[in-house]
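J.: First residue of the sequence shown: 216, per this note's numbering; consecutive thereafter.
Read the hints as simulated data drawn from the structure, not as lab findings.
Keep in mind that a hint or two might mislead.
Pairs of lysine to aspartate or glutamate, EDC-like flavour, derived with a Cα cap of 20 Å [stated by the list, open to error]:
| # | residue 1 | residue 2 |
| --- | --- | --- |
| 1 | 245 | 311 |
| 2 | 478 | 496 |
| 3 | 342 | 416 |
| 4 | 413 | 479 |
| 5 | 411 | 470 |
| 6 | 478 | 456 |
| 7 | 297 | 270 |
Model, not experiment: these values are computed from the prediction.
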Amino acid sequence: MIGTKLAHFTITAHLGSGGMGDVYQATDSKLGRSVAIKLLPDAFVHDAERAARFEREARVLASLNHPNIAAIYGIEESGGRKFLVMELAPGETLAERIKRGPIPVNEALDIAKQIAEALEAAHESEKGIIHRDLKPANVKVTPDGKVKVLDFGLAKACEAQTADMNLSQSPTISMAATMQGVILGTAAYMSPEQAKGKKADKRADIWALGVVLYEMLTGRMMFSGETVSETMAAVMMKEPDWSALPAETPSRLRDLLRRCLVKEPRNRVHAAADARIAIEETIAYPDVVAPAADLSRPPLPASRPLWRRVFPAATMLAIIIAAVAAVYIAMIPPAAQPAVMRFSVEHPAEANFSDAVTGVISPDGQRIAFGARDEAGKVLIWIRSLRSFTVQPLTGTDGATYPFWSPDSRFLGFLRTES
């Protein structure tokens, strides 16, 4: 593509590729400036759904006007191929910066503040835009420290969200195996509700902001796995390794991270503006320091040491607690030894085990899900209660792979490539 002319734009360099398109640097001969051009991948040029998503990105970006969001100049067409013309943000992506190691706290706070300001502008815009794919690779940091949030290809207006949105609707999840790195990268920044296929609102962006900030401070991804299902299971079930944060992380910042990374959305920070305010307060007051003693005042009269005043009462309280505990322990019957459970799983007479699906036991230990082929040769997920010998196929799981249970064992998830 280097040297190719599209209308009055000449492509000069390849900048990167993602789930929604290939991005190139180009020269605008009419205005004499460098721009970024995004083209749909060749495989999707004639895909009506992809083209519609592509045009939607143009409309979304056109509705946003903020210094921390890469601007769009227009949508053009050449040779029957549409492309976006966007602001060219110089510098490296945040992902490239993190590869060199953790980012110092003060620098990370400044970057996070600008990302929060971009999200705030998008969330509070007339259409209430949420990004849905915020990650280090979609954030550019210019040489002078200016942040540009990129790639609103998955963005949606809040009112357009539907409760039955599922993972297969995300282009970065339904990509072919050649895009495995993109899939894993995106899954690592998904909010728990996105990983479960539930409705995602602006609080999903708050989660992603917390994940990106954690990664800046530690220099490593918060959750990762060898497969998409392992990564999403970690997002849904594991807690971040808080010990990985640098020792100099301010307590205010630790509190903000914990509130951004609550798995239940209703208990999470609700607005990007709140996150931005908390970051600004951390920058201004890194930690609360106890006030210095006022040496101008005379000292208070001497009194008995505190330990002499509380020791008698504390001793009596300890004796009472010990006596009550002894009586309580004596009344507790000895715990029964847990019974050892042994079982075997036989595949249904009409089915054969599939090499494509791994069996998984539910977290409560009551059921097992595994893959098997039915009489017609189709791969299905089968469920068996460990209290029964009956095995039932799970309808609607044709071609499903990598089953995984929800933490409360009520739901079973799986991956399936849509044809």
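J.: Hint check: residue 297 vs residue 270, CA-CA at most 20 Å. Holds or violated?
T.: 9 Å, holds
J.: Hint check: residue 478 vs residue 456, CA-CA at most 20 Å. Holds or violated?
T.: Judged against 20 Å, a Cα distance of about 15 Å means the pair holds.
J.: With the threshold set at 20 Å, check whether the alpha-carbon distance from residue 413 to residue 479 stays at or below it.
T.: 12 Å, holds
J.: Given the hint that residue 411 pairs with residue 470, does the C-alpha gap stay at or below 20 Å?
T.: Between residue 411 and residue 470 the Cα gap is close to 26 Å, so the pair fails against 20 Å, i.e. violated.
J.: Given the hinted pair residue 478 and residue 496, is their alpha-carbon gap at most 20 Å?
T.: Judged against 20 Å, a Cα distance of about 24 Å means the pair is violated.
J.: Against the 20 Å threshold, does the CA-CA distance of residue 245 and residue 311 hold or violate the hint?
T.: 32 Å, violated
J.: Just to be careful, I want the Cα atoms of residue 342 and residue 416 compared with a cutoff of 20 Å; is the pair within it?
T.: 13 Å, holds
Checked against the numbered hints above, the structure breaks hints 1, 2, 5 and satisfies the rest.
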